[in-house]
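K.L.:
Here the protein sequences line up with chains A and B, keeping their order.
When we follow numbering that gives the first Met the number 0, the leftmost residue of the first sequence carries the number 0, and every step to the right adds one.
When we follow numbering that gives the first Met the number 0, the leftmost residue of the second sequence carries the number 0, and every step to the right adds one.
Honestly, the hints are just simulated from the structure, not real lab data.
Some hints here could point you the wrong way.
Unchecked claim - Simulated restraints on C-beta separations:
#1 Asp-658(B) / Asn-110(A): 45 to 53 Å
#2 Pro-383(B) / Glu-16(A): 38 to 46 Å
#3 Ala-278(B) / Lys-111(A): 35 to 43 Å
Unchecked claim - DSSO-like, lysine-lysine: derived pairs with alpha carbons at most 27 Å apart:
#4 Lys-325(B) / Lys-291(B)
#5 Lys-382(B) / Lys-103(B)
#6 Lys-163(B) / Lys-444(B)
#7 Lys-669(B) / Lys-147(A)
#8 Lys-186(B) / Lys-163(B)
#9 Lys-112(A) / Lys-706(B)
Nothing here was measured: the structure is a model prediction, and the numbers come from that model.
From the three backbone atoms N, C-alpha and C, an ideal C-beta is built for every residue, glycine too.
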Amino acid sequence: MKLQINDQVHEVDVEPEMPLLWVLRDILELKGTKYGCGIAQCGACTVHVDGEPMRSCVMPVSVAVGKRITTIEGLSHDASHPVQQAWIKHQVPQCGYCQSGQIMAAAALLNKKPQPTDADINAAMSNICRCGTYKRIRDAIHDVAGTKPEVATEFTNAANV
Amino acid sequence: MNTFNNLSRRNFLFASAAVGGGLALGFALPVGKVDAATVNSAKRINIWVEVAPDNTVTIKYARSEMGQGSLTSAPQLVADELDANWDQVRIAYVDVHEHLLMNKAWGSMQTVGSQTIRNSQDYLRKAGATARAMLVAAAAQSWKVPASEITVQNGIVAHAASKKQSGFGALAALAATMPVPKDVTVKDPKNWHIIGQSMPRIDIPASVNGAQVYGVDVSLPGMVYAAIAQCPVFGGKARSFDAASARERRGVIDVFTIDGDTSVVVVADNWWRAKQALAEVQIEWDDNGNGKVDDASIRKFFRDGLAAKDADPLRNNKGDVDGALKGATKVLEAEYFTPYLSHSPMEPMGATVQIGADQVQVWASTQAADGLAGEVAGALQRKPEEIYVHRVQAGGGFGRRGGGDYARQAALIAAKLPQGTPVKLLWTREEDTQHGMYRPLAMYKLQAGLDANNTIVGWRTRIASGSLMSQRIGAPLGKNGDAMATEGFSRLPYNVANQDHSYIERRTHIPIGFWRTVGWSQTPFAREQFIDELAQAAGEDPLQFRLRHMAQDELSRHILEVAANAADWKTPPAKGVFRGIATTEPYDSFTAAVVELSVNDAGVIRIHRIVQAINSGHVVNPNNVEAQLQGATVWALTAAMWGEIGIEQGRVKQSNFHDYRVLRLSEMPKVEVVLAPTGGFWGGVGEPGQAPLLPAFCNALAAATGKRYRTLPLRQYGLTLA
Numbered sequence: 000m001k002l003q004i005n006d007q008v009h010e011v012d013v014e015p016e017m018p019l020l021w022v023l024r025d026i027l028e029l030k031g032t033k034y035g036c037g038i039a040q041c042g043a044c045t046v047h048v049d050g051e052p053m054r055s056c057v058m059p060v061s062v063a064v065g066k067r068i069t070t071i072e073g074l075s076h077d078a079s080h081p082v083q084q085a086w087i088k089h090q091v092p093q094c095g096y097c098q099s100g101q102i103m104a105a106a107a108l109l110n111k112k113p114q115p116t117d118a119d120i121n122a123a124m125s126n127i128c129r130c131g132t133y134k135r136i137r138d139a140i141h142d143v144a145g146t147k148p149e150v151a152t153e154f155t156n157a158a159n160v
Numbered sequence: 000m001n002t003f004n005n006l007s008r009r010n011f012l013f014a015s016a017a018v019g020g021g022l023a024l025g026f027a028l029p030v031g032k033v034d035a036a037t038v039n040s041a042k043r044i045n046i047w048v049e050v051a052p053d054n055t056v057t058i059k060y061a062r063s064e065m066g067q068g069s070l071t072s073a074p075q076l077v078a079d080e081l082d083a084n085w086d087q088v089r090i091a092y093v094d095v096h097e098h099l100l101m102n103k104a105w106g107s108m109q110t111v112g113s114q115t116i117r118n119s120q121d122y123l124r125k126a127g128a129t130a131r132a133m134l135v136a137a138a139a140q141s142w143k144v145p146a147s148e149i150t151v152q153n154g155i156v157a158h159a160a161s162k163k164q165s166g167f168g169a170l171a172a173l174a175a176t177m178p179v180p181k182d183v184t185v186k187d188p189k190n191w192h193i194i195g196q197s198m199p200r201i202d203i204p205a206s207v208n209g210a211q212v213y214g215v216d217v218s219l220p221g222m223v224y225a226a227i228a229q230c231p232v233f234g235g236k237a238r239s240f241d242a243a244s245a246r247e248r249r250g251v252i253d254v255f256t257i258d259g260d261t262s263v264v265v266v267a268d269n270w271w272r273a274k275q276a277l278a279e280v281q282i283e284w285d286d287n288g289n290g291k292v293d294d295a296s297i298r299k300f301f302r303d304g305l306a307a308k309d310a311d312p313l314r315n316n317k318g319d320v321d322g323a324l325k326g327a328t329k330v331l332e333a334e335y336f337t338p339y340l341s342h343s344p345m346e347p348m349g350a351t352v353q354i355g356a357d358q359v360q361v362w363a364s365t366q367a368a369d370g371l372a373g374e375v376a377g378a379l380q381r382k383p384e385e386i387y388v389h390r391v392q393a394g395g396g397f398g399r400r401g402g403g404d405y406a407r408q409a410a411l412i413a414a415k416l417p418q419g420t421p422v423k424l425l426w427t428r429e430e431d432t433q434h435g436m437y438r439p440l441a442m443y444k445l446q447a448g449l450d451a452n453n454t455i456v457g458w459r460t461r462i463a464s465g466s467l468m469s470q471r472i473g474a475p476l477g478k479n480g481d482a483m484a485t486e487g488f489s490r491l492p493y494n495v496a497n498q499d500h501s502y503i504e505r506r507t508h509i510p511i512g513f514w515r516t517v518g519w520s521q522t523p524f525a526r527e528q529f530i531d532e533l534a535q536a537a538g539e540d541p542l543q544f545r546l547r548h549m550a551q552d553e554l555s556r557h558i559l560e561v562a563a564n565a566a567d568w569k570t571p572p573a574k575g576v577f578r579g580i581a582t583t584e585p586y587d588s589f590t591a592a593v594v595e596l597s598v599n600d601a602g603v604i605r606i607h608r609i610v611q612a613i614n615s616g617h618v619v620n621p622n623n624v625e626a627q628l629q630g631a632t633v634w635a636l637t638a639a640m641w642g643e644i645g646i647e648q649g650r651v652k653q654s655n656f657h658d659y660r661v662l663r664l665s666e667m668p669k670v671e672v673v674l675a676p677t678g679g680f681w682g683g684v685g686e687p688g689q690a691p692l693l694p695a696f697c698n699a700l701a702a703a704t705g706k707r708y709r710t711l712p713l714r715q716y717g718l719t720l721a
């Protein structure tokens with residue numbers, strides 16, 4: 000099978016039903032896409048297939064043939080994508096494990112809706128983060144969009160004594 | 000808030016491979032390009048500080064990083080005392096093997112109990128001050144000037160009178176030979192310039208482009224993959240298995256049992272093939288007699304514990320509670336229940352092991368790297384010094400990775416393969432959910448009396464729960480009950496003249512472990528709701544009722560007032576909106592929370608506002624503390640609404656995120672974090688945020704609905720979160 004991943008063509012000899020996630024991780028050594036649940040619940044495995052965010056843990060690799068696949072490694076070559084930059088600026092990740100998926104979901108959302116509302120963000124960002132970085136994810140998306148969260152939060156940093 | 004634009008990864012150097020003696024086997028460490036020449040020419044001033052000729056300073060980090068941020072904040076302690084230039088600071092994990100050979104010279108590697116900063120701040124600050132003094136001594140000797148006239152600022156050592164100055168690099172070789180000062184003075188906090196600053200976390204850049212390497216991402220030449228099925232009933236084992244068709248599948252290398260037949264393993268040329276083949280293996284399990292245990296039998300066993308005669312009285316008991324309750328005007332009694340919970344970090348359990356003739360290489364996400372080496376050594380009957388544990392970022396820990404069961408299994412699997420074969424074990428999410436080390440189930444029976452002035456005159460607590468000390472650690476329980484299970488009751492912040500608290504262990508076959516915030520994740524659910532029940536009986540504002548009973552607890556009063564003021568407690572909320580408040584004293588910190596919510600007729604909860612306040616004494620990295628409290632909010636609300644591991648036929652009912660529900664972004668409420676450090680002490684920050692939030696939330700719910708919610712999770716009451 001021929002796969003077009005991050006603008007490169009890869010030839011793989013695997014079972015057609017093997018999920019794209021495991022082809023990426025174990026055959027092509029693209030480890031940035033993560034396994035979290037295997038049942039499309041958590042979104043850690045999110046990649047773009049023809050620009051659409053897809054959960055690669057339940058997508059048979061045969062379905063991806065002939066489509067443009069982008070993984071976190073291909074989002075930018077130097078972490079310069081606006082979403083990646085906003086993630087750094089807002090210090091979003093804690094453990095970071097889910098963040099490849101979060102970033103791919105956010106990038107797809109912003110691509111489709113450059114100025115998403117909070118409702119748009121709620122609908123698009125169903126990925127699970129156990130560390131609880133959701134507030135910063137929302138802030139970072141709004142920052143890229145140049146919009147303001149309706150659910151604003153403040154941080155009072157009293158002086159260190 | 001600080002901004003973090005234009006960050007590079009310059010601070011993030013993983014030099015353990017080079018410094019530790021070339022043990023990395025060609026394994027590409029996650030980020031930061033290590034210039035081997037620089038590393039090898041670096042001078043070790045002391046075990047924490049290495050200085051290279053180009054003035055870069057490598058600060059060693061002994062604990063693990065799993066998202067809590069101390070990979071950045073702990074080195075801030077060293078860098079500040081060193082008066083280093085933060086831009087020249089690199090951070091490297093301590094090599095675990097060297098640590099073990101040097102009799103654990105770097106202190107504890109345990110990344111547990113919100114203790115990295117508070118337990119190491121003293122020796123880390125002194126390490127920085129000592130290295131600084133040795134650089135000064137070197138400068139004094141080479142410039143022939145008195146050390147007392149030398150200043151160090153932002154990585155520059157200078158002598159004003161002679162106009163001499165130098166970076167650290169040129170002085171490092173001589174400094175390393177200087178006598179180690181016996182007593183160094185650390186700075187007055189008012190002179191801190193790196194401590195207390197929101198330094199960007201050095202691991203974050205690698206987390207946004209897929210470069211961060213976690214335990215499950217390790218890849219070695221010739222590596223094979225293992226999938227595992229552990230006996231669904233804890234303590235049971237495989238009586239027999241039929242792997243005939245599984246062995247026929249593409250890529251399958253072997254099928255066998257490990258660890259006294261407790262698990263069946265398939266090894267294949269990639270993990271998906273191993274997992275698919277494992278599903279075809281027909282396994283007959285022996286449940287070891289626990290196949291009939293279920294939620295009802297467990298709850299009966301615990302409830303019986305609430306009435307048992309042989310409970311351990313706590314050390315803080317005093318006075319005559321029976322007498323006090325007899326004389327009370329009002330007596331209240333309530334039972335609270337908190338279920339088993341799974342950690343479910345996003346990175347499932349797994350480890351990679353390669354066994355050589357005289358070396359065993361282990362790569363794993365862990366919260367206790369040195370302990371992991373011991374577990375692997377024990378499993379393989381090897382000497383601990385033959386074990387080389389390589390650390391990587393952990394995809395969440397929350398207490399689950401304090402135990403090394405998964406690395407132990409990977410080692411046992413590697414031992415069954417031809418010597419030298421690297422094998423990566425990965426659990427499915429289902430294995431992770433069903434083979435956790437669960438937050439202990441606990442029941443609380445509380446009784447208290449108010450006198451005519453509505454003062455609490457007597458308080459009785461009975462706790463029945465699993466004991467982490469006895470069941471998890473294997474330490475005998477003293478006369479004072481289990482320290483973790485009784486947190487919050489073993490020292491009430493409220494003045495009550497007559498107190499009688501007792502604890503009884505309830506041990507089942509369900510494995511238990513340290514779950515983020517441990518006892519403090521559950522005892523405040525009972526204590527801080529019961530205080531509200533007493534306030535209600537007294538007809539008094541719950542804040543005032545608390546403050547009136549904590550006359551001598553200045554820091555508890557302080558944090559309650561900070562939270563209340565930030566939440567405008569004195570201004571009544573809008574019509575239909577209700578508030579709850581709670582306070583706790585976890586991990587040497589003081590935390591209080593206020594939750595504002597409304598509930599509609601359909602039981603849909605809308606959270607309007609959350610205020611989280613913490614006094615951790617000092618704050619090393621404010622932005623990171625804020626992140627920890629935001630995360631703790633998610634953790635607490637998840638436990639409140641949906642968190643439950645149930646048992647049927649001796650095994651866990653839940654299996655994945657569809658039935659072990661966690662909070663998602665759309666449900667994330669508005670959270671305001673207030674840092675209110677008073678100085679004078681060092682408290683933890685990773686876990687304390689959760690402690691007051693759960694009861695504050697439940698108190699707000701009680702205010703809104705007129706009902707008390709004493710059994711978790713709240714889903715069972717028909718409540719949902721908007």
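K.L.:
Broken hints, numbered, in rising order?
P.N.:
Violated hints: 1, 4, 6, 9; rest satisfied.
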